[in-house]
Every structure is written in C-alpha cells, then in structure tokens.
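Below are the chains, spelled out letter by letter.
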Amino acid sequence: MAKLLPDNITKQVKEIFSSMEGSVKALLFKSEKNRDYCSTAEQMLQELSEIESKISYEVHDLDSEMAEKYGIELAPSMVLLTPEGDDKGVRFLGIPAGHEFGTLLQDIISFSKGAISDLSKDSIQKIEKINSPVDIKVFVTTTCPYCPKAVLTAHNIAMANKNITAYMVEANEFQELSRKYGVSSVPQIVINDKVTFVGAYPEGQFVDQVMKAV
Amino acid sequence: MSFFELGSAKKSELKDFYDVTIIGAGPGGITAGIYAVQAGLNPLIIEKALDGGQMNNTQTVENWTGFASISGMELSEKMADHAREFDVPFTYAEVVDIDGEGQNKEVILDNGKKIKSRVIVIATGSNPRKLGVMGEEDFKGRGVSYCATCDGHFFADKHIAVIGGGNSALDESLYLSKMVSKITVVQNLPKLTADKLLQKKLNDTGKVEYIYSSVVDSIEGDSQVRKINIKNVDSGEITSLEVDGIFVFIGLIPNTQFLKGKLEMNDFGYIKTDDFMETKTKGVYAIGDVREKEVRQIVTAAADGAIAIYHAARHYFSE
Numbered sequence: 001m002a003k004l005l006p007d008n009i010t011k012q013v014k015e016i017f018s019s020m021e022g023s024v025k026a027l028l029f030k031s032e033k034n035r036d037y038c039s040t041a042e043q044m045l046q047e048l049s050e051i052e053s054k055i056s057y058e059v060h061d062l063d064s065e066m067a068e069k070y071g072i073e074l075a076p077s078m079v080l081l082t083p084e085g086d087d088k089g090v091r092f093l094g095i096p097a098g099h100e101f102g103t104l105l106q107d108i109i110s111f112s113k114g115a116i117s118d119l120s121k122d123s124i125q126k127i128e129k130i131n132s133p134v135d136i137k138v139f140v141t142t143t144c145p146y147c148p149k150a151v152l153t154a155h156n157i158a159m160a161n162k163n164i165t166a167y168m169v170e171a172n173e174f175q176e177l178s179r180k181y182g183v184s185s186v187p188q189i190v191i192n193d194k195v196t197f198v199g200a201y202p203e204g205q206f207v208d209q210v211m212k213a214v
Numbered sequence: 001m002s003f004f005e006l007g008s009a010k011k012s013e014l015k016d017f018y019d020v021t022i023i024g025a026g027p028g029g030i031t032a033g034i035y036a037v038q039a040g041l042n043p044l045i046i047e048k049a050l051d052g053g054q055m056n057n058t059q060t061v062e063n064w065t066g067f068a069s070i071s072g073m074e075l076s077e078k079m080a081d082h083a084r085e086f087d088v089p090f091t092y093a094e095v096v097d098i099d100g101e102g103q104n105k106e107v108i109l110d111n112g113k114k115i116k117s118r119v120i121v122i123a124t125g126s127n128p129r130k131l132g133v134m135g136e137e138d139f140k141g142r143g144v145s146y147c148a149t150c151d152g153h154f155f156a157d158k159h160i161a162v163i164g165g166g167n168s169a170l171d172e173s174l175y176l177s178k179m180v181s182k183i184t185v186v187q188n189l190p191k192l193t194a195d196k197l198l199q200k201k202l203n204d205t206g207k208v209e210y211i212y213s214s215v216v217d218s219i220e221g222d223s224q225v226r227k228i229n230i231k232n233v234d235s236g237e238i239t240s241l242e243v244d245g246i247f248v249f250i251g252l253i254p255n256t257q258f259l260k261g262k263l264e265m266n267d268f269g270y271i272k273t274d275d276f277m278e279t280k281t282k283g284v285y286a287i288g289d290v291r292e293k294e295v296r297q298i299v300t301a302a303a304d305g306a307i308a309i310y311h312a313a314r315h316y317f318s319e
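Heads up: the sequence lines are chains A and B, in that order.
Just so we're aligned: 109 in the numbering used here is position 109 of the first sequence, and the numbers increase by one with no gaps anywhere.
Just so we're aligned: 113 in the numbering used here is position 113 of the second sequence, and the numbers increase by one with no gaps anywhere.
Derived from the structure by calculation, the hints contain no laboratory data.
Computed from a predicted model, the values in this text were never measured in an experiment.
For each residue, glycine too, the CB sits at the ideal point set by N, CA and C.
Hints may be right or wrong, so weigh each one.
[To be verified] Heads up, simulated DSS-like pairs for lysine-lysine below, C-alpha to C-alpha not over 30 Å straight-line:
{"hint": "1", "chain 1": "B", "residue 1": "227", "chain 2": "A", "residue 2": "194"}
{"hint": "2", "chain 1": "B", "residue 1": "114", "chain 2": "A", "residue 2": "121"}
{"hint": "3", "chain 1": "B", "residue 1": "130", "chain 2": "A", "residue 2": "212"}
{"hint": "4", "chain 1": "B", "residue 1": "11", "chain 2": "A", "residue 2": "113"}
{"hint": "5", "chain 1": "A", "residue 1": "14", "chain 2": "B", "residue 2": "10"}
[As the list claims (entries may be wrong)] Label-pair distances were calculated between CB atoms; the ranges are:
{"hint": "6", "chain 1": "A", "residue 1": "35", "chain 2": "B", "residue 2": "71", "range": "27 to 37 Å"}
{"hint": "7", "chain 1": "A", "residue 1": "86", "chain 2": "B", "residue 2": "218", "range": "44 to 54 Å"}
{"hint": "8", "chain 1": "A", "residue 1": "212", "chain 2": "B", "residue 2": "222", "range": "17 to 27 Å"}
{"hint": "9", "chain 1": "A", "residue 1": "68", "chain 2": "B", "residue 2": "292", "range": "57 to 67 Å"}
{"hint": "10", "chain 1": "B", "residue 1": "218", "chain 2": "A", "residue 2": "21", "range": "47 to 57 Å"}
{"hint": "11", "chain 1": "A", "residue 1": "64", "chain 2": "B", "residue 2": "159", "range": "40 to 50 Å"}
{"hint": "12", "chain 1": "B", "residue 1": "82", "chain 2": "A", "residue 2": "86", "range": "33 to 43 Å"}
{"hint": "13", "chain 1": "B", "residue 1": "182", "chain 2": "A", "residue 2": "192", "range": "36 to 46 Å"}
{"hint": "14", "chain 1": "A", "residue 1": "22", "chain 2": "B", "residue 2": "195", "range": "48 to 58 Å"}
Using the sequences and the hints, build the whole thing.
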C-alpha cells in the first residue's frame, strides 16, 4: 500500500517526536460499516508508530468491551493513553488529517509527558472544581485553520479533570451527528448538549462556556 | 493543502526573554522575524491560528514577485519554512494584552503565559467585517459564514449567496463554485470591483448570477438560513432571495480590540505609526494590514516588517 505520510512530512514528524518522553498508546476503534476510512486511520497510526518507537496502537472493534469501557459509539475513534495507561478523556472521532494532524502530534507529545494540562492556573482552578460528567464536542473540518486551536483547548480542558471527555469530531465524515447539531460553520463546540458556540474562543472564554454547561 | 499539515505542532520551547516579540505570523510578521534574525536579534513570533494568516484564505496570489501564480496556502508555508530555515521560533496562542511601556515590555497570552521583550511588533492583521443586519448573529453557525475553506463543504450542491464584489469575495466564490450548485453575488455598487481576470474566471464556471446596487437587509430561516432580504440602494425596494447559506466578504476590520486604549488608533481601529512603523509608544511597532495606510497587500506587509526591524535594530540594539 502506498504510504500516507510523504517523506518530507515523515522527516518533520520525526523531529517533532524527538521531544517525547514516555510511551504513548493509541486505541483505535474500527467498524465494518466504515471500513475504508477506518483502514486509513489504522494506516496513519501504523506509520506514526514506525516513525517513533515510543508510539504504539491497539485496534478494537466498535462492538467490543473495550469500546464500552471507553464509551466509544462511532468509528473510527481514537483514544490516547499516557505512559501509565491513563485515559485523560482525549478523543478523536474521524481521522485527524489536514490541519488537525498537528493537533494529534501535539496531543501525543503532551501524553508522553503525562498529559498535564497546558491551561493557565486560573483556568485549571475553575475546571478542577467540576464534579459531574462533561462532554465537549468540537466539530471541525480538516481544511479549517481556526479549528486546531479549539480542539487543543478542549483536549487540555479534558486533561485537567477526569470528569471531562473532549472529542474532535470530523464533521464531514460524521454527517449524521453534524446534522443533529445543525453544524454549518466550524469550529462548532457543543458542551453537554446544552451550550453551543462557533469559533476558536481564547482559553478563558472557552472555560467560561464549559462552566456555564455544568 | 496536503492531506497532513503539521501546523502548530512546529512550536518552539519558550524562553524568558526575547529581543523582539512579533504578534502575528502573516507576511509582515514572518518577514520581520527573518530580518530580526539576520540583524543578530532574538525574535519570537506568536500566532493564534495558522502561519500565513489571511493568506491561507486566498486561493491564488498573482502579485507576489517571483511567483506568477501561487496558492495562498503554499505561499504561507514557503514563508514560514523560510523563517524556520533561519531558526525563527514560533509559538501558538492568542495575545490578550500587552504592556508596551518602559524598557521591558510584556505580552500576555490567553494561556496565562507572559512573554518579555525589549521590542514588540504588532502584526495581527485583520478579520472579516460583519454585515450588522438582523439575523446575522442568530444564524452564525447555521448558514452564515465568513470562511469558505472552513465551511464550504456544508453547502455541497446548494444555492448560496456571496455578499461583496471585491477581490476576496470573488476569489472565495471561485473556491465555493467547486462545491455549490449556484452562487448569487450581492454587491452594493452598480459594478464589481474585483480584478477583470478574476471576474472572467468566475463567470466561466457558469454557476454565478449577480445582483447589483443591493445590500442585505435581514437574514431569515428556521434551524438554518432559508432566505435573505435584499434592499436596492437606489429604489429602497426589498426583495427576497431563497438561499441555503450566505458567505460574507465585505472587507476587513483590524485586529486591534485587545489594544484599545494602549496604542493610538484612527476611527476605524487601525494603528497609527510613523514612517518607520513605530507607534507613539517607543519600542512598539505596527506592520501590515493592522496599520493605518493606503495599500494593504502581501508585499506591503512584508516591506513594513523589514522597515520596522531595520529601525528597531538601530535604535534599541546598537551598543
């Protein structure tokens, strides 16, 4: 099979991964229904694991116990685990390609360092107080230049509190879900099906929206 | 763009102090970064979204010398690669405040981090201007968009309105014409102001019709945009146009909201500078689209960057 990642990208990815500390495992959930797209996701992970030995991945079926354990309902989905095997609520629904590829790389690096949230002290203090489940969906297209910022903020919010799960959702691939939430501009953020906003808000404002939804 | 973009993963580790902090990685900011390194200075470029800034939204650039035709995205990448080749560091965050007074200046990021430097260069460019009509805010994210590359996919085989008749409106229409079934361009003037070549390219798609001397009066719909009401500027007559979406490209406003009260600006929010790009606040410069000036082009933004650094190097860094 032809390689997904061109040589010049592979070279740069290798350089970026040189700052990894521990090992990171990705769990990939696949389904028969979405076979080709799931295979592409797997191939991407395989190529990343070939570039950097600290990266490994496991493939699971959407109908598996593992999928239930991690609350995965759509495929392909990806969950990242820290070197200790901890789930920090960071999820990708669909392939983080295009501009979202950079998001995945940055998440992998922070997971290799224990997935410690990069948010400001003020934000972390607010987020840490949340003691009920929070579900953040960030709808993106891979051609949207403003979307990675929104996904990274959501993922770092998830890293700060185990009650929070934050999904990047590839809006074109998951059209049913996008339609359900009336997505026609990205990034669109939906928190607990209660608070919705469009745009890559600065961190403080994003955190305020999360607090409004709990 | 390619299937995999590295984007902000190419960030550098932050240091405590820089000679020059450059806010914005458009053509002005990147050029300033390159000139700074070449002048022996230690710069940092802070970008909130993507290297290249607004250039990424331009399908084709045909007036950057040396390239008869290049996509805005490719030019963005080439400029950023050029800067990285000279070890210009980049970081990715939104700047929420600056303290430009005194010798040690400070830039505050939305993640709470503070960057100290001797000189600050504002290169924050501009953002799309809004219509300011009824329904616009309500339908933002439900059919009203300001970014064709972000949201074009959602309007496959649909009828959309594009508001504006300048270069960016027609350039974005050309991009959208690959997906949508029909485009109605609504222009406030009796004719288009975009370059003739671009007008021809768009006409050749066979998907576009034009409504002249008209402005949007309001936007209506249910869960999504269903129609826009258009007012003829001469007769005042209002007609409805059924559309599935509306893309607004009626010019830009400078990204200077976070600098209100800190730097001298004109009535439209553009920063005032002298001929060397320096503001009245010593050691704070403004370059590119964000500056009060006549011509806002990639090439003039780059030139501003060179002039600012040349001046700063001589005034603040020569022993």
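Here is how each hint holds up against the structure:
At roughly 27 Å between alpha-carbon atoms, residue 227 (chain B) and residue 194 (chain A) fall within 30 Å of each other, so this suggested pair holds. Taking the CA atoms of residue 114 (chain B) and residue 121 (chain A), the gap is near 13 Å; set against the 30 Å cutoff, the hint holds. At roughly 27 Å between alpha-carbon atoms, residue 130 (chain B) and residue 212 (chain A) fall within 30 Å of each other, so this suggested pair holds. The hinted pair formed by residue 11 (chain B) and residue 113 (chain A) meets the criterion: a straight-line CA distance of about 16 Å does not exceed 30 Å.
Taking the CA atoms of residue 14 (chain A) and residue 10 (chain B), the gap is near 11 Å; set against the 30 Å cutoff, the hint holds. Checking the proposed 27 to 37 Å range against residue 35 (chain A) and residue 71 (chain B) shows it holds: the Cβ atoms sit about 33 Å from each other. At roughly 51 Å, the beta carbons of residue 86 (chain A) and residue 218 (chain B) sit within the given window of 44 to 54 Å. In this structure the hint that residue 212 (chain A) and residue 222 (chain B) lie 17 to 27 Å apart at CB holds, the actual value being about 25 Å.
For residue 68 (chain A) and residue 292 (chain B), the hinted distance range of 57 to 67 Å is satisfied, since their beta carbons lie about 60 Å from each other. Evaluation of the 47 to 57 Å hint for residue 218 (chain B) and residue 21 (chain A) yields a pass: the beta carbon distance comes to about 55 Å. Between residue 64 (chain A) and residue 159 (chain B) the Cβ separation comes to about 44 Å, which falls inside the hinted range of 40 to 50 Å. Separation of residue 82 (chain B) from residue 86 (chain A) is about 40 Å and conforms to the stated range, judged on CB atoms against 33 to 43 Å.
The beta-carbon spacing between residue 182 (chain B) and residue 192 (chain A), approximately 38 Å, falls within the hinted interval of 36 to 46 Å. Here the CB-CB span from residue 22 (chain A) to residue 195 (chain B) is close to 54 Å, well matched to the stated 48 to 58 Å.
In this structure, none of the earlier numbered hints is contradicted; all agree with it.
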